[in-house]
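Novice: Residues per chain, in single letters:
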Amino acid sequence: MKPSAWRKFLRTVFFIDLIEGLWVTFHYQRPKYIYTEQYPAERPKIGERFRGAPRLNTNPETGETLCIACNLCALACPEGLIVVSSERNEKTRRKELTSFTFDTSRCMFCGLCEDACPTDALELTQDFELASYSRQGAIWDRQMLEEGPRPTQYVY
Amino acid sequence: MPETTYLDATELVLNMGPQHPSTHGVLRVILKLDGEKVIGTECVIGYLHRGVEKIAENRTYAQFVPYVDRMDYVAAVSNGLGYCLAVEKLLGVEAPPRAQAVRVILTELNRIASHLIWLGTHALDVGAITPLFYCMREREEILNIFERYCGARLTTHAFRIGGLQYETYDGFERDVRAFCDMFLPKVDEYEDLLTGNRIWVARLKNIGILTADECKAYGVTGPLLRAAGVRWDLRKAQPYSGYDQYEFEIPTGVNGDSYDRYLVRIQEMRQSVRIIRQALDGLPGGPIMGKVPKVIKPPVGEVYLSIEAPKGELGYYIVSDGSTQPYRVRVRPPSFVNLQALDRMCRGALVADVVVVIGTIDIVLGEVDR
Amino acid sequence: MRQCAGARVCDELMSADKPEGKPQPATKSPPAMAATAWEDELTRQLKQHFGSQISEFSTYLGQQFLVASPEAVIPILEHLKQEAGFDYLVDVTAVDYPDRPERFELVYILYSFARNHRIRIKTRIAEGVRPRTAVGVYPTANWLEREVFDMFGIEFEGHPDMRRILLPEDWSGHPLRKDTSILAMDNRWVKEHLGIESGQ
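Chains as they are written, first to last, in the working numbering: chain A, 1 to 156; chain B, 1 to 370; chain C, 1 to 200.
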């Protein structure tokens, strides 16, 4: 037989092609780097720009909300799930935020509201643990928005 | 399919139902079998139909961009690119060169991610479980890059009409280069596992053959058309977003069978890495957003623009009536049109081959059903 | 124009500032677009063969299209496939203009590999008109026409399998027509099954 045909015959009979594949898997048996993350004991490292749970920011010094009730986020939302209500404060002639409702059950976390906010009041944080036990629990009002969700911490 | 009665003992109608691990989503295939041989197939789709085209008529142009990601959810960046390019063409705006280069980088990364999912799940269907884990491991790196760049891993909403929203983050170039360097040896690894493997070859060679003429007749595009021997790629034929600046090859096959499609997609991954490196080397500075008005109101008209998505030709036909909301958005999904050819490809095959063929077409039900 | 369809807020949180108004998808037909005339070798050939059946050759944004009468569409497709080398049917779709007497505009998009060129063939048909199917010319049209039927209700004559493809078999109505309002559908379902007026 010709050398190439001989080689092919030997490869077939001695399962060389299968052994090559098995060698790839076997050389991962003592891996230098384990890819499994032990969640929930250690939470993963998330990028800064991650679009997670929404949060209404407050001014760190005064504690007042940064939201000026301009309604731009509600207009930008494709689903229309933000409801901003405000009243006009006669003394300062400005609108003041009274209530702010955000329906996370229909939110697709697209980030359009965050992009639209002129004062950086509404921000999508890196929280991704938004589960709640009821549908009502997914509709967040102002207080929940400012504090953020509090997922259960697992201690091992 | 002609009617069969219970007394007809030679033909069996088998339902490969919407819940099936190998149908890549909620696809129902009704098989008409003679023993193990397939006589005819019928696809029932629509389980994931969300009415995206109707939604488009009720949203403004900028608000519709997140919905577009959710059609082909595996390659969300390509969908966004197609839509943004179509609206930009209607507006007559062009994204600045830096935005175009970053778009190319992200789209090619997305192409690699899509092909990795394809490879992993296809190998899993055929029976090789290991490539799935390896592909997912590489895909993690890509998804991490997406997450650091635009904030989401899967439904990225990466592009805006007119350019980009976010400037590239600080370690972007380093991360992408590290990925490219890490990835090419991994592709060799996948080839070690699969290409010469006699089981793989026996399962895939001469299965699901679609010749070039049949491809053109059925409107099949993408890697299936290239595996049939037609050297056609929309990135070269009608370049968009600066693809004419980059040098890359179009891998083609010979027979048009599943094995050739596998080889074509592996080569495409390598060519994508080549494009990414070229784009990174020549990344221009400058603005990332073109001159787009605050309220997007394109003039009355219509446009059809298609791009080379990882699955085939993804086209957007947008009719505008001059208002802020599109009058009609039609998405021409590559998986929908490619899936039509399933019947042709499964003639005379065995039941196990149907699984292989569904895998090689590379369908994503989100795109088939929209 | 904003819509807030389906914002399921509980009653006490519903505030006065909520944007009012039902969603208003466009129902009026858009004005004509600023298309310019298209004239080249292909149009001359087509004019020669089909004469008056093609009413308009135009181009907009560099994309060429022609408007033909409904009976002439299949012969034009056949001619383009055999003589002019347009061997790939990219898409079959329709647009609904409820104002016009011929409310649907059926659009065929063809591509030629040899010329690397795309053209569109449009035709205007009224409701109830059944155009001939393009399956004989391009097998691609099979599912594409089923989808047009499903979404718009345009039946194609001679189609081997004219059934709904994306929606369930027993669905009534054709969603992409402009008179089908998603909000009305939602309100009907909610009234019937939950007994309340509206989910808004």
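Heads up, some of the hints might be wrong.
Subject to a maximum C-alpha distance of 27 Å in a straight line, what follows is the list of computed BS3-like cross-link-like pairs (lysine-lysine) [as the list claims (entries may be wrong)]:
1) Lys-54(B) with Lys-236(B)
2) Lys-297(B) with Lys-37(B)
3) Lys-205(B) with Lys-54(B)
4) Lys-294(B) with Lys-95(A)
5) Lys-191(C) with Lys-236(B)
6) Lys-54(B) with Lys-32(B)
7) Lys-47(C) with Lys-54(B)
8) Lys-81(C) with Lys-54(B)
9) Lys-8(A) with Lys-236(B)
10) Lys-297(B) with Lys-178(C)
11) Lys-81(C) with Lys-47(C)
12) Lys-122(C) with Lys-81(C)
13) Lys-294(B) with Lys-32(B)
14) Lys-186(B) with Lys-32(A)
15) Lys-47(C) with Lys-122(C)
16) Lys-191(C) with Lys-122(C)
17) Lys-45(A) with Lys-32(A)
18) Lys-8(A) with Lys-32(B)
19) Lys-297(B) with Lys-2(A)
20) Lys-186(B) with Lys-45(A)
21) Lys-54(B) with Lys-178(C)
22) Lys-297(B) with Lys-122(C)
23) Lys-178(C) with Lys-191(C)
Which chain A residues stay away from chain B? Per the calculated CB distances, all over 10 Å, these [what the hints assert, rightly or not]:
24) Thr-12
25) Glu-20
26) Asn-59
27) Leu-130
Short, incomplete list of chain B residues facing chain A, as computed with Cβ under 10 Å [what the hints assert, rightly or not]:
28) His-49
29) Gly-51
30) Thr-155
31) Phe-179
Quick caveat, the hints were computed from the structure, so don't treat them as lab data.
We put the beta carbon where it would ideally sit given N, CA and C, even for glycine.
Novice: Of the hints stated earlier, which fail here?
Specialist: Hints 1, 2, 3, 5, 6, 7, 8, 9, 13, 16, 18, 19, 24, 25, 28, 29, 31 not satisfied by this model.
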